[in-house]
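Taken in sequence, the protein lines are chains A and Z. Note that the first sequence covers residues 55 to 262 in our numbering. Note that the second sequence covers residues 31 to 379 in our numbering.
Hints are computed from structural coordinates only; laboratory data are not their basis. Just so you know, not all the hints are guaranteed correct.
What the hints assert, rightly or not - Residues from chain Z shown here face chain A by an in silico Cβ test under 8 Å; the list is partial:
(1) R64
(2) R73
(3) M77
(4) W338
The beta carbon of each residue, even a glycine, is placed where N, CA and C say it ideally should be.
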Amino acid sequence: MIKKVFEKPLSWLERIFFIDFIRGLSVTIRHAFSKTITTHYPYEKLTPPKRFRGFFGHKVVDGREPQPAFDEWVERFKVEVEPGKSRCVVCLLCKRACPVPQLFEIEGEKLPNGKRRVSVFNMNMLLCTFCGFCVDACPVDCLFQSDIHETASYSRKDSVLTLDVLERVGRDWQRRREKEPDRIWIDDAQRMRLWYENDLKLPEVKKQ
Amino acid sequence: MGSLFVQLLVIGIKILVILGVVLGLGAYLTWVERKVAAHIQRRPGPMVVGWHGLLQPLADGLKLITKEDIFPRTGNRFLYNLALVLALVPAVLVFAVVPFGPEFEFFGVKVKPILTDVNVGLLLVFALGSMAVYAIALAGWASNSKYALIGSMRKAGIIVSYEVVITFAVMGPVILAGTLSTYEIVQQQINQKLWYIWLQPIAFVVYMFAMLAETGRVPFDIQEAEAELVTGFTVEYGGIKFGLFPLVEWYVEVLSLSAIAVVLFLGGWSPINIPFLGFIDPLFFLGPLSPFVWFVLKVALLFLFVLWLHWTLPRYRIDQITETAWKVMLPLTFVNLVLTAVLAPIVWR
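Using the sequences and the accompanying hints, generate a full structural model.
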């Protein structure tokens, strides 16, 4: 079989009748009369993939913490665990992992009953590069990156994520997308077929 | 006395109508261009201001007018402003010799829908067409910027080459019609029952190329060349002054040269032609309006074709452009001229 590698150069007859022009024009006219593929942004929005690296959030205590890591950290630091509040154990590993550590401002407090909990957790998004190292470092799956990407604000103060904001983002995320399978586009049925990872069934290993 | 007054009134109305239509249309053609470009690239184009962005030209105009008028400190202010006038006036003036339709009677007054039916109309068109190079050369010089200067030099080089070509290209229709008056050329085509494109396909193609070159459209947009020269000679202009140059170059000039092409090759206001046999008019139900509709339709189609080309083709280099003009197009027009001279007696009969 002969494989076609290049287009042949145009013959002089084809040049005279502008065949190359006509080919180009036929391509553009076909596109001109087919449907547009644009999202009308402020009115329509795409849902980013679940692994999108947007603004940060704190997942809250809801019984789905990674075990036994969470219990170990809680025991080690004597952390007050309160359902609906941040899972943060104030280990400062996120600050350690960060290439710009000064963007984190983390403090813990001691409660009257002798236990500890996080009291201040500020992230200055003006310094952040959204690299996600802090998320990888978090041992209790607390800090994570959400799909929030419209991050413009009117003042520098607004770009600092406080503990309240982080927890709110976390609760919102857990309600919306926590249980969602990990595929690329949420509203794209076509992708589901390509991204078959979630449907993949591993062959069971027979016990000897 | 009375008839003189009527004549003056008619001329005044013609001027107002032509100016209003040309400049208003020029502004709206920006919207057309943006829509065509967008759909070729699978985008919807302007959609927000008005229905499908129909008020976008007004918004753009308002924005351009209210912008600060910036002038380069080391430039030449007189030439800088003169360039604008020199660009706008000749481009609009071409419409003085564009015939929009046949002569008609309006309340007993015979009106020719052409501003001045001078008997050297075509000469006027190409004289004014070559004026455009002054505007651009001056704009580039007065801006005192290397991008602007390079852009204007390129444009001057192109226009010098293509003025020769376009003049020889229109010789064919002129020989066939035996007149230089635009109105008479159309009349001749109707009398001879022949659109000149059927006998002058080479001249038409060459004319189209020259038209693209003169108006700085792709594939000859070398004087703008936004990838290399930012926007060429308009770099140092701001606000509405910046807006006027593309308006003139890309819309008014393309429109006027399309109209001249329709007059020369496509039989002006006449309906669809079968060579030497007659005309078929599918728009007969419009009655006396039909010729005007035909004219507008042909110009619009030609303009859309230019847009279509613009958003399809890549850009030639400056040496390729001038080489095509001198080595290919000019000999072709000579050959065409000889052929036309041989064929002409058949057409004259």
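Hint validity - R73 (chain Z) Cβ closer than 8 Å to any chain A Cβ: holds, 5 Å
Please check whether M77 (chain Z) passes as an interface residue: C-beta within 8 Å of a C-beta belonging to chain A. This interface hint holds because 7 Å falls under the 8 Å limit.
Restraint: R64 (chain Z) near chain A, CB-CB cut 8 Å. Satisfied or not? violated, 13 Å
Should the hint that W338 (chain Z) touches chain A count as held when the rule is a Cβ pair under 8 Å? Status holds, d = 6 Å.
Against the hints set out earlier in the document, a violation occurs for number 1 only.
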